[in-house]
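Undergrad: Letter by letter, the chains look like this.
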Amino acid sequence: KAGVTQTPRYLIKTRGQQVTLSCSPISGHRSVSWYQQTPGQGLQFLFEYFSETQRNKGNFPGRFSGRQFSNSRSEMNVSTLELGDSALYLCASSLLGTGVGSYEQYFGPGTRLTVT
Amino acid sequence: AQSVAQPEDQVNVAEGNPLTVKCTYSVSGNPYLFWYVQYPNRGLQFLLKYITGDNLVKGSYGFEAEFNKSQTSFHLKKPSALVSDSALYFCAVRDVKGAGSYQLTFGKGTKLSVIP
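If you read the protein sequences in the order shown, they are chains A and B.
Taking this note's numbering, the leading residue of the first sequence gets 14, the next gets one more, and so forth.
Taking this note's numbering, the leading residue of the second sequence gets 3, the next gets one more, and so forth.
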């Protein structure tokens, strides 16, 4: 099976702009989560989607939003970019349930966002 | 809230020697614990998990972890370190948020350097 894919891999944006990142989960995985990774704060949970519904959201401002499509692909959007939004954004998919492979999350390679 | 702590920012070990990367946890209820590894400019790769059962869990690339309930620890181990094991290692706990949703809460990470 193909792994989690994220596009683009690298982005450079200017303060005040907005950005959209894309994530395609492993085939059959319906839960998609997003995390932000920075040297200072480490890995922080952004939100989780399942069946096109946001079920859980981390402690981030409303500038951070996301959605999930019927094919489980997900996008996250950051509006009015700030310098502090520079980070590696990781997407993870999971199978859910109680069977083999259903507890762990599988991560994509990430999108490196640089805000100047 | 569930949390994990990785007390060492960096661990150095000589190639061929055994390695240990430490993790302690604080959870209410039964812990679901995970180890992930991150190579430079890559996403997180799943190594192993503890859900229930045997306290010694075997994972990918020869890694194993020992779950110790009395010491609330979940240390990652490998009998003989390879230079290629040099990477950033994260311990994580599954934090259930209701309605079938959960998120991973990560430790700060431990940088492992294997010296030839």
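If you're looking for bench data, these hints aren't it; they were derived computationally from the structure.
Keep in mind the model is a prediction, meaning the values are calculated, not measured.
All C-beta atoms, glycine included, are put in the ideal place defined by N, C-alpha and C.
Don't take every hint at face value.
To be verified - Counterexamples of contact, computed for chain A against chain B with all Cβ distances above 10 Å:
(1) G29
(2) L56
(3) E88
(4) R125
Claimed, not checked - Calculated from the model, a selection of chain A residues having no Cβ within reach of chain B, i.e. all distances over 10 Å:
(5) N69
(6) T93
(7) L96
Stated by the list, open to error - So the derived label-pair ranges between C-beta atoms look like this:
(8) I117/B x R22/A: 22 to 32 Å
(9) L96/A x G55/B: 44 to 54 Å
(10) G31/B x N72/A: 15 to 25 Å
(11) R125/A x V98/B: 22 to 32 Å
(12) D11/B x S99/A: 17 to 27 Å
(13) S35/A x A16/B: 21 to 31 Å
(14) T27/A x N43/B: 38 to 48 Å
Undergrad: Hint by hint, note whether the structure agrees.
TA: To see whether the hints hold, each was checked on the structure:
no. : hint                       : result
1   : G29                        : 27 Å, holds
2   : L56                        : 4 Å, violated
3   : E88                        : 17 Å, holds
4   : R125                       : 8 Å, violated
5   : N69                        : 4 Å, violated
6   : T93                        : 25 Å, holds
7   : L96                        : 21 Å, holds
8   : I117/B x R22/A: 22 to 32 Å : 31 Å, holds
9   : L96/A x G55/B: 44 to 54 Å  : 47 Å, holds
10  : G31/B x N72/A: 15 to 25 Å  : 22 Å, holds
11  : R125/A x V98/B: 22 to 32 Å : 30 Å, holds
12  : D11/B x S99/A: 17 to 27 Å  : 22 Å, holds
13  : S35/A x A16/B: 21 to 31 Å  : 43 Å, violated
14  : T27/A x N43/B: 38 to 48 Å  : 23 Å, violated
Comparing the model with each earlier hint shows violations of hints 2, 4, 5, 13, 14; every other hint is respected.
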